[in-house]
Amino acid sequence: MSAKRDLDFMEHADGELETELAGDGRAKVEAVKELGELVRGRLERAADDVPEARFAAMWSEIDKSIGKPMVKSQTLPVLADTTPSATGLWSRIGRFLDTYRSQIITGAISAGAVAALALVLRGNGDPATHRNGSDPIDVQRVSHRPAEIEDLDTPGGTGTVFNLDDEDGSTTVIWVTPEDTVEGI
Amino acid sequence: MEAAKRGDREAFRTLFERYHRRAYALALGVVRHQDDALDVVQDAFIKAHKYLDKFEGNSSFYTWLYRIVMNLAIDHIRKHRRVRPVELDEQRLEDGGDEGDGLLPRLLGGNPGRALMDKEIRQRIDTALGELSENHRSVLVMRELEGLSYEEMAQAMGCSKGTIMSRLFHARKNMQRRLIDLMDGAKPLPDSDDVEDAAASGSRS
Chain P
1 MSAKRDLDFM
11 EHADGELETE
21 LAGDGRAKVE
31 AVKELGELVR
41 GRLERAADDV
51 PEARFAAMWS
61 EIDKSIGKPM
71 VKSQTLPVLA
81 DTTPSATGLW
91 SRIGRFLDTY
101 RSQIITGAIS
111 AGAVAALALV
121 LRGNGDPATH
131 RNGSDPIDVQ
141 RVSHRPAEIE
151 DLDTPGGTGT
161 VFNLDDEDGS
171 TTVIWVTPED
181 TVEGI
Chain W
1001 MEAAKRGDRE
1011 AFRTLFERYH
1021 RRAYALALGV
1031 VRHQDDALDV
1041 VQDAFIKAHK
1051 YLDKFEGNSS
1061 FYTWLYRIVM
1071 NLAIDHIRKH
1081 RRVRPVELDE
1091 QRLEDGGDEG
1101 DGLLPRLLGG
1111 NPGRALMDKE
1121 IRQRIDTALG
1131 ELSENHRSVL
1141 VMRELEGLSY
1151 EEMAQAMGCS
1161 KGTIMSRLFH
1171 ARKNMQRRLI
1181 DLMDGAKPLP
1191 DSDDVEDAAA
1201 SGSRS
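Chains as they are written, first to last, in my numbering: chain P, 1 to 185; chain W, 1001 to 1205.
Extracted from the complex, chain W is given alone in its bound form (with noise of 0.2 angstroms):
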């Protein structure tokens, strides 16, 4: 890290075959598709060595990058967002106005890694994913891939923590919802009044 700063290229590479495909992994999961996170990967990385003597080294250099990632992400979805008709019934879940449904308890029988090897359940995931909102997906993606938590994504996406619990929730009941049909006898558990109302009351930051 520091012989990058002080411009050996050799070093940046390195930097760059460490992370380059976390890094896209993570643009990805936000623009969901792979030219458009191909293009924000390396806008980042460019980015990052501009700024490469800004980074004071408080944070990983992963940490730093991934932050450029999903500016440059969540810019390009907002740059290039595209018109698409919205059902009543998808907007309402995004809103969080869903029918008091909450969290499934089962998902794919315990087993991720095996359902990941069916193909027809990676695109089940992929569309799942994509329609989302680009909110709940980002903060979906963040939590998933780079683990961060609640406040850190709070400061990434300047927003309160409650939002982000909102969405997160959101996001992970409407994926739910969305691969419903290959849960292993799962069945919704009823309630969830206002869950807008409780997340903001629970983020107890």
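Next up, chain P with everything else stripped away, as it sits in the complex (with noise of 0.2 angstroms):
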């Protein structure tokens, strides 16, 4: 019996050829059917073995690859930024006040500094305002007499204590610098 004789018969196993076949070449046809239903089952059932968690740590790896372009990230971000839940909203507000935190610290320091300034001048100026005033006697002792600071406790930040002094009296200023606010901002 010659190769090519097994050639047909190899050939005939894998539905390439018609032949007739008898005896050993039905043997061998069924031989070869034989071998690959074992080389199939074995690599099917090596596949069957192995634990999901590395297939399922395998889609993690391949998602994070295949994360950036997709279409759904890229068309879509209107979609996600639009559709925000009451949470979402205060979230989104909660971030920008974090996120300038310290400059908005600064800001109602220093409104609040140049507010009390304004006041006492103000008061300086325009006595009648105070004559209007329930109490105007004791807002000018209050605003002329400086302030006795037993202890400043101002975490995150630096306190400083200003005195500022002028024929009426004596005006006390607490200055109050963040630790991260940087100069200029």
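Wrong hints could be hidden among the right ones.
If you anchor each label on the Cβ, the simulated ranges turn out as follows [what the hints assert, rightly or not]: (1) W:G1158 x P:E61: 23 to 31 angstroms; (2) P:L21 x W:D1126: 26 to 34 angstroms; (3) W:R1018 x P:R45: 17 to 25 angstroms.
No wet-lab data here; the hints were simulated from the structure.
Even glycine gets a Cβ: it sits at the ideal position worked out from N, Cα and C.
If you follow the hints, you should be able to join the two separate chains into one complex; please do so.
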């Protein structure tokens, strides 16, 4: 029996050729098919034996790799940004406040200090205002009496106490600068 | 498939869930190492996703995917080829210059499923597969796992149909030889003068 004949049997087993089979020819075809089932069965079983966790980890890596160029995230950013819940809105406000926290604190303190100064100066220049108040004498007395600072706790910042003296007395200003404030901002 | 092409990640994940084990079996058949096969499958899915827009849908997604897997698996073993001692006898078998033996008429008594329950037989198959040359193993795995035609395998491996037939013939014959002691009363048939020539002339395309 020739190699050519065995090739014919193999082709027959693979469905590539129709040929007459008898005796050993039929047995060889069956043996080829059987070997095929063994190889296929072995590999499929090996694949089944891999824990699902390995493939889950694989997907995680694939997902990371393909994440950036995915059309989904590119075409739907507006949808993602315009569907916030109430908490989403607040969380965005919170994030904004967190981002500009130092500037906001500095601004608020500065505004407070300026307002205090303006109140003092305005009080000096417009006595009528005080006279119209319920207790102008007390206001004037408090405003012109130097404050006694016993303790100053400014967590996350530096506190500075100013005493502004004039002919009417002394005005105390407490200036707090947060530590993470960048000069000029 | 269409949804995946449009960029729907969940749709792509569905494709992954459907085919990952099958792709892994294919990769494992070629590269023979679990971790290497997992790497190949991972890279194959990433590559498939990258070129998803080029998939025209003329074949099934898996047909397209297995080509990627095969290419990556073959690339992998070429890149990571480990020098291993090859016995003269083995080299002769791989080259097809064996002693004129053809296919064997029997293997495991006609019950492969039952045979695979035996751990030793599984190990023997693993060893036998591992001892085949890369080309022989690749063709055998493609044929047995994916049922590709000779023509399809020739296209996938970039060689002639005759070469595929020759490789497949020798792969099967060498597997049979390596598993011969598991066989049930089989004896090799004589002959096979020149299989390479026969395969070349037998490629009827």
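Structure-based check of all given hints:
{"no.": "1", "hint": "W:G1158 x P:E61: 23 to 31 angstroms", "result": "holds (30 angstroms)"}
{"no.": "2", "hint": "P:L21 x W:D1126: 26 to 34 angstroms", "result": "holds (31 angstroms)"}
{"no.": "3", "hint": "W:R1018 x P:R45: 17 to 25 angstroms", "result": "holds (19 angstroms)"}
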